[in-house]
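The whole structure should be built from the sequences, with the hints applied where relevant.
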Amino acid sequence: MKKHETELLIQKKKNSGSDKKLNKMKTCLALFEWYKKESNFLNTGYYDMYKKQCNPSDINVSEYKKRLWNFWEDTVTEVENKPQMEGSPLGVRWLWAGTNYRRMIEPLHIAEFYKKSGARNYKNGGKRPKHFILLEQWLEKEIKGKAKRQMSATSNEDSCFWAHVEDAIILCNLLNNGESVTDVEKVTYKEELKKFEDYVWDVIDNYAVCPDIFLEKGSFMRWWKQYKGIVGSSYSSQLADYMNSRSYLKYT
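Okay, so the sequence shown: first residue is 1 according to the UniProt record's numbering, each after it adds one.
In short, the hints are calculated from the structure, not lab data.
Being a predicted model, the structure only gives us computed values, none of them experimental.
The C-beta atom is built at its ideal place from N, Cα and C for all residues, glycine as well.
Warning: the hint list may mix true and false statements.
To be verified - No farther apart than 25 Å at their CA atoms in a straight line, the calculated lysine-lysine pairs in the DSS-like style are these:
1. K24 - K37
2. K66 - K127
3. K186 - K228
4. K20 - K66
5. K24 - K130
6. K36 - K194
7. K52 - K217
8. K37 - K127
9. K65 - K116
10. K36 - K217
11. K52 - K21
12. K21 - K66
13. K82 - K24
14. K20 - K115
15. K217 - K228
16. K52 - K37
17. K115 - K36
18. K116 - K127
19. K194 - K141
20. K66 - K144
21. K36 - K24
22. K21 - K130
23. K141 - K190
24. K82 - K52
25. K130 - K82
26. K225 - K36
27. K20 - K82
28. K144 - K65
29. K123 - K52
30. K65 - K21
31. K65 - K130
32. K116 - K26
33. K24 - K52
34. K228 - K190
35. K66 - K116
36. K52 - K66
What the hints assert, rightly or not - Here are the simulated distance ranges between beta carbons:
37. K141 - N177: 38 to 44 Å
38. S247 - K190: 37 to 43 Å
39. N81 - L22: 38 to 44 Å
40. S245 - N81: 49 to 55 Å
Right under this line is the structure:
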């Protein structure tokens with residue numbers, strides 16, 4: 001009996017220590033909300049401001065990003081190595097904390113990735129860090145069958161959204177450089193862009209993206225302007241009609 005009580009006490013202390021660490025990481029993550037507000041004020045957006053690295057606050061953001069990364073990478077590895085039980089491997093509270101981390105920090109990692117020359121295909125090219133993949137998989141199991149939201153997200157639900165945007169911009173650039181692209185490649189690239197267009201409309205229609213994707217100096221709007229030039233001003237689709245009518249200004 002005493003041995004059992006001792007084990008429970010040790011576990012309780014361990015849980016208490018873990019909760020304190022989690023709360024500390026939540027405080028650290030909250031600082032990114034301030035950075036996000038600053039980027040919106042500059043009409044650039046969180047993702048693009050970090051990618052450009054032209055703001056003094058970027059240095060602090062990089063430091064906090066590293067701290068959060070180390071914490072969650074270690075946490076996910078530890079959980080992964082434990083015997084799995086029913087339900088979320090992390091527990092609901094930790095899972096949502098990990099989800100907030102993934103949605104806030106993975107875009108910054110993507111920004112660093114696409115700054116490299118020739119970088120592309122982040123999500124499906126085997127370049128995505130494992131702890132992001134597992135956090136996403138665990139969340140999908142937890143929310144399966146839940147009702148969709150009726151208001152825009154405070155951060156993009158798909159933490160790889162900006163990787164999709166970057167790959168779409170690359171396709172537009174390839175099409176605009178027509179001399180070095182074969183007819184077969186043109187067809188393939190346009191098909192891929194149509195898939196991306198459908199994906200974008202789906203996340204907008206389901207309020208799964210943050211309104212800051214529509215900021216004029218951001219990468220998404222840069223993609224849209226390039227894509228509009230490729231498909232032509234008379235092109236009609238749900239996304240094209242939505243963007244051309246500037247209905248996104250009412251997206252909240």
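Here is how each hint holds up against the structure:
1. K24 - K37: 21 Å, holds
2. K66 - K127: 18 Å, holds
3. K186 - K228: Holds, at about 16 Å.
4. K20 - K66: OK: K20 and K66 at ~19 Å, within 25 Å.
5. K24 - K130: Status holds; Cα separation ~23 Å.
6. K36 - K194: Not satisfied, since the Cα-Cα distance of roughly 30 Å exceeds 25 Å.
7. K52 - K217: 12 Å, holds
8. K37 - K127: 29 Å, violated
9. K65 - K116: 19 Å, holds
10. K36 - K217: 14 Å, holds
11. K52 - K21: 31 Å, violated
12. K21 - K66: Holds: K21 and K66 sit about 15 Å apart, inside 25 Å.
13. K82 - K24: 24 Å, holds
14. K20 - K115: 35 Å, violated
15. K217 - K228: 16 Å, holds
16. K52 - K37: The hint holds at about 16 Å.
17. K115 - K36: 20 Å, holds
18. K116 - K127: 13 Å, holds
19. K194 - K141: Not satisfied, since the Cα-Cα distance of roughly 29 Å exceeds 25 Å.
20. K66 - K144: Cα-Cα ~31 Å, so violated.
21. K36 - K24: 20 Å, holds
22. K21 - K130: 22 Å, holds
23. K141 - K190: Violated. K141 to K190 sits at ~33 Å, over the 25 Å cutoff.
24. K82 - K52: 40 Å, violated
25. K130 - K82: 16 Å, holds
26. K225 - K36: At roughly 24 Å apart (the allowed maximum being 25 Å), K36 and K225 satisfy the hint.
27. K20 - K82: 21 Å, holds
28. K144 - K65: At roughly 29 Å apart (the allowed maximum being 25 Å), K65 and K144 break the hint.
29. K123 - K52: 21 Å, holds
30. K65 - K21: Holds, at roughly 15 Å.
31. K65 - K130: 17 Å, holds
32. K116 - K26: 30 Å, violated
33. K24 - K52: With a Cα-Cα distance of about 28 Å, the restraint between K24 and K52 is violated, given a limit of 25 Å.
34. K228 - K190: The hint holds at about 12 Å.
35. K66 - K116: With Cα atoms ~19 Å apart, K66 and K116 stay inside 25 Å; holds.
36. K52 - K66: 18 Å, holds
37. K141 - N177: 38 to 44 Å: 43 Å, holds
38. S247 - K190: 37 to 43 Å: This hint is violated: roughly 24 Å between Cβ atoms.
39. N81 - L22: 38 to 44 Å: At roughly 19 Å between Cβ atoms, L22 and N81 fall outside 38 to 44 Å, so the hint is violated.
40. S245 - N81: 49 to 55 Å: Taking Cβ atoms as reference, S245 and N81 lie about 52 Å apart, which means the hint holds.
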